[in-house]
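Chain order of the listed sequences is C and B.
Each step along the first sequence adds one to the number in numbering that gives the first Met the number 0, with nothing skipped, and position 54 is 53.
Each step along the second sequence adds one to the number in numbering that gives the first Met the number 0, with nothing skipped, and position 406 is 405.
Calculated from the structure, these hints are not laboratory results.
The beta-carbon is built from N, C-alpha and C at its ideal position, and this holds for glycine as well.
Do not rely on the hints blindly, as some may be mistaken.
As the list claims (entries may be wrong) - Among chain B residues calculated to face chain C with C-beta under 8 Å, some are:
{"#": "1", "residue": "Ile235"}
{"#": "2", "residue": "Asp531"}
{"#": "3", "residue": "Leu559"}
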Amino acid sequence: MCGMSESDSPMSPAGRVESSAGSVELVPGDAVTVLRVSGALDLALAPKLQQLVDRAERAAESTPLVIDLTSVDFLASAGMSVLVRAHQQWPTLRVVAEGRVVLRPLQMTRLTDVLDIYPSLDAAVAGR
Amino acid sequence: MSAPVAAGFEGLIAAARAAFRGPDGGQVAVRTRELDPALLAPVDGLALVVADAALLAAAAPGEVVTGALAVANGERAVLLTTDVPVGDRHEVVATVVGAATAELAAAMRAEAAVVDALHSIGRRLTAQLDIDLLVQDATNAATTSTGAQFGAFFYNLINEYGESYTLYTLSGVPREAFSRFPMPRNTQVFAPTFDGDGTVRSEDITADPRFGHNKPYFGMPSGHLPVRSYLAVSAISPTTGEVLGGFFFGHSDPGRFTARHEYLAEGIAGYAAIALDNARLFNREANMARELSRAMLPEAPRVPGLDIVTRYLPAATGGKIGGDWFDVLALPSGATAFVIGDVVGHGVAAAAVMGQVRTAIRSYALLEMNPPELLRNVSQLVSALPEATFVTCFYAVHDPVAERLVYANAGHLPAVLVRPDGAVEQIGEAMAQPLGVGREFPTAHTGFAAGCDLVLYTDGLVESRSRDLAVGIEWLVRGLSGVRAALDTGTACDQLIADLTGGAHDDDIALIHVHHAGARARFHRSVPADPDHLVAVRLDLARWLDGQGVSPMLTDDIVLAGYEAMANSVEHGYRDNPDGVLDVLAVRRGAELELTVTDHGAWKRPDPLDTTRGRGLPMIDTLAHTSTTTRRADGTTVTMGWTLPTG
Numbered sequence: 000m001c002g003m004s005e006s007d008s009p010m011s012p013a014g015r016v017e018s019s020a021g022s023v024e025l026v027p028g029d030a031v032t033v034l035r036v037s038g039a040l041d042l043a044l045a046p047k048l049q050q051l052v053d054r055a056e057r058a059a060e061s062t063p064l065v066i067d068l069t070s071v072d073f074l075a076s077a078g079m080s081v082l083v084r085a086h087q088q089w090p091t092l093r094v095v096a097e098g099r100v101v102l103r104p105l106q107m108t109r110l111t112d113v114l115d116i117y118p119s120l121d122a123a124v125a126g127r
Numbered sequence: 000m001s002a003p004v005a006a007g008f009e010g011l012i013a014a015a016r017a018a019f020r021g022p023d024g025g026q027v028a029v030r031t032r033e034l035d036p037a038l039l040a041p042v043d044g045l046a047l048v049v050a051d052a053a054l055l056a057a058a059a060p061g062e063v064v065t066g067a068l069a070v071a072n073g074e075r076a077v078l079l080t081t082d083v084p085v086g087d088r089h090e091v092v093a094t095v096v097g098a099a100t101a102e103l104a105a106a107m108r109a110e111a112a113v114v115d116a117l118h119s120i121g122r123r124l125t126a127q128l129d130i131d132l133l134v135q136d137a138t139n140a141a142t143t144s145t146g147a148q149f150g151a152f153f154y155n156l157i158n159e160y161g162e163s164y165t166l167y168t169l170s171g172v173p174r175e176a177f178s179r180f181p182m183p184r185n186t187q188v189f190a191p192t193f194d195g196d197g198t199v200r201s202e203d204i205t206a207d208p209r210f211g212h213n214k215p216y217f218g219m220p221s222g223h224l225p226v227r228s229y230l231a232v233s234a235i236s237p238t239t240g241e242v243l244g245g246f247f248f249g250h251s252d253p254g255r256f257t258a259r260h261e262y263l264a265e266g267i268a269g270y271a272a273i274a275l276d277n278a279r280l281f282n283r284e285a286n287m288a289r290e291l292s293r294a295m296l297p298e299a300p301r302v303p304g305l306d307i308v309t310r311y312l313p314a315a316t317g318g319k320i321g322g323d324w325f326d327v328l329a330l331p332s333g334a335t336a337f338v339i340g341d342v343v344g345h346g347v348a349a350a351a352v353m354g355q356v357r358t359a360i361r362s363y364a365l366l367e368m369n370p371p372e373l374l375r376n377v378s379q380l381v382s383a384l385p386e387a388t389f390v391t392c393f394y395a396v397h398d399p400v401a402e403r404l405v406y407a408n409a410g411h412l413p414a415v416l417v418r419p420d421g422a423v424e425q426i427g428e429a430m431a432q433p434l435g436v437g438r439e440f441p442t443a444h445t446g447f448a449a450g451c452d453l454v455l456y457t458d459g460l461v462e463s464r465s466r467d468l469a470v471g472i473e474w475l476v477r478g479l480s481g482v483r484a485a486l487d488t489g490t491a492c493d494q495l496i497a498d499l500t501g502g503a504h505d506d507d508i509a510l511i512h513v514h515h516a517g518a519r520a521r522f523h524r525s526v527p528a529d530p531d532h533l534v535a536v537r538l539d540l541a542r543w544l545d546g547q548g549v550s551p552m553l554t555d556d557i558v559l560a561g562y563e564a565m566a567n568s569v570e571h572g573y574r575d576n577p578d579g580v581l582d583v584l585a586v587r588r589g590a591e592l593e594l595t596v597t598d599h600g601a602w603k604r605p606d607p608l609d610t611t612r613g614r615g616l617p618m619i620d621t622l623a624h625t626s627t628t629t630r631r632a633d634g635t636t637v638t639m640g641w642t643l644p645t646g
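With the rest of the complex left out, here is chain C:
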């Protein structure tokens, strides 16, 4: 429902979408735009994350985009597909990933070699 209303007003820079087990919050900033993902990045949340990635691209294409997976407790391939597509759309994409639950699927699929991965949001914002 939130996703629908947000996409109805594309000019609004901020936004939040959620599924039954996860959510994504768009946090606009001067230096970077952050998409903070919580809970399960699964088949239900993945299309909603894609919406916010598209929106962030339109709203702030000049600033780097950070997808913060720190609070993610389940990462499925559907979610990783969004990360890969965002990386193709937005080569400066930075991904914050730590903990076995998130890193193991990324390593298993060798996406750790493709994506620009940071251990914390601070490191990602700083770009190092």
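Please build the complex by placing chain B on the supplied structure of chain C, with the hints as guidance.
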């Protein structure tokens, strides 16, 4: 008025004697004497022959003989001689009589052959209870006997709903020769046969006034085998007078069928009608017994922690249907009762006794009667039945708290118990006499905890005409390890039955297979295939794995692999079907854990050019110790296996 001619042998002797005439035409003196019949060539029936020189040399050595005849019938022979001058009249008479009797003998031979053929066909047909075999045999026999080019038998059967339908068999032509034509209708030509109004025999049916009056063909359909000679006979039930069917014979030449053919065809039709009557009565009885047995057999209740497979297969051949039964009862106390038994005898009567015994056992079991008391009560009931019979029965109760099996056995085959370590023992052998005979039914008990199997069965599974009971039981015991190793016990039980019976069993088979899986060794969810429902399944599966003592890291892997399989089904299997259902089943057997995700949709192969997707199956391959994807016509099953670390 001529004097009455004496019949038979003596008559022929008198006639022969009168044929000896002198040159004046008057009768001459004739001497008769008995002959050894072996001196004459074998004869058919009654024969009058001219005695040749060799015969005379043997039978009348040194005598002067001017004329001689011999009369013979195979058992007896008489020589007639004269020593006065005679003409050739006696020889002319012998030649004429010889020609006449040869014709008669041939006719008698043919008649005897017809009677023989009819008799043997009749015996064969009336001993046959399989309708398909019987009608084909009758059609072949009748077609051959009538010398027809081809024959057909159209017959009526009654289906299970009481509706009549018509089938046919052919002889002398392949089925394709008729398959394009409609069933014959009640036209003027066919009506007498289908109405039972008598045999139709025509020298040339195309010249018959009844022929060729009906649309659309006005005669035979084009492409129909040419028929001129036509013979049609009804098969009429001797018990009900109902027309069961009609035999039709054809030949492309006119005038082929004689009165004898008609007689033969009518004879075979008569036997076929008796045989069809028998077969229909037999099938009705067998169907009734089968339906009675089926109707009374229960669905096993779901019992937490127990995987229960039950099977009942009515006898596939012969008439031994009815009498076997099984029952699985969830008792009010939380215990489960297992019953298997066999009423001695077969058919509707046995099925009816079975129904009463089964109901009695159910009632007493639900009153929580202990096994000895229950069997004693039922035994009294059986002995009071009007028809003397007895019943074998194995009764066992599983107490889930004590993890114990209490059982008693009234003359039934022993049960098989498999311990968690795979050790097999037979329990309950020769504990008591059958119900209806026995009075005391001692009880015994044994432990029955997680990992144990219990198998109850009836003799149809292990006994056959070609195999001793003990050998059958040995085979069963050996086959059980395969059932134990299988993840799908139901399919494994079917396989075991097929292996033991060779696919053909001439007695009923009932089987109960119980695997004590432990209360939590199985996880099953059937959910709508949409992303939101997957969340609950994922969390439930993680909790179940935790309860199984699976480490958190391995739990993460198993849950992720399972989720990827489910996500594939949602995205691919059900992309066109939002109402699809997913089955997620996890089974643990010892250290082996298997997770299957089954959908009933049609998967689309992922686009290999889309690099953002298609990571699910490779992830499953990496996460699971073993994995296979099975695409069926009606969906896909992903099977993933793990070996849990021990210790």
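* Go through the hint on isoleucine 235(B) and say holds or violated, using the shortest Cβ distance to chain C against 8 Å. => violated (72 Å)
* Does the interface hint hold: is aspartate 531(B) within less than 8 Å of chain C, judged Cβ to Cβ? -> holds (5 Å)
* Tell me if leucine 559(B) is really an interface residue toward chain C, meaning its C-beta lies closer than 8 Å to one of theirs. => holds (7 Å)
Hint check: a violation occurs at hint 1 only; the rest are consistent with the structure.
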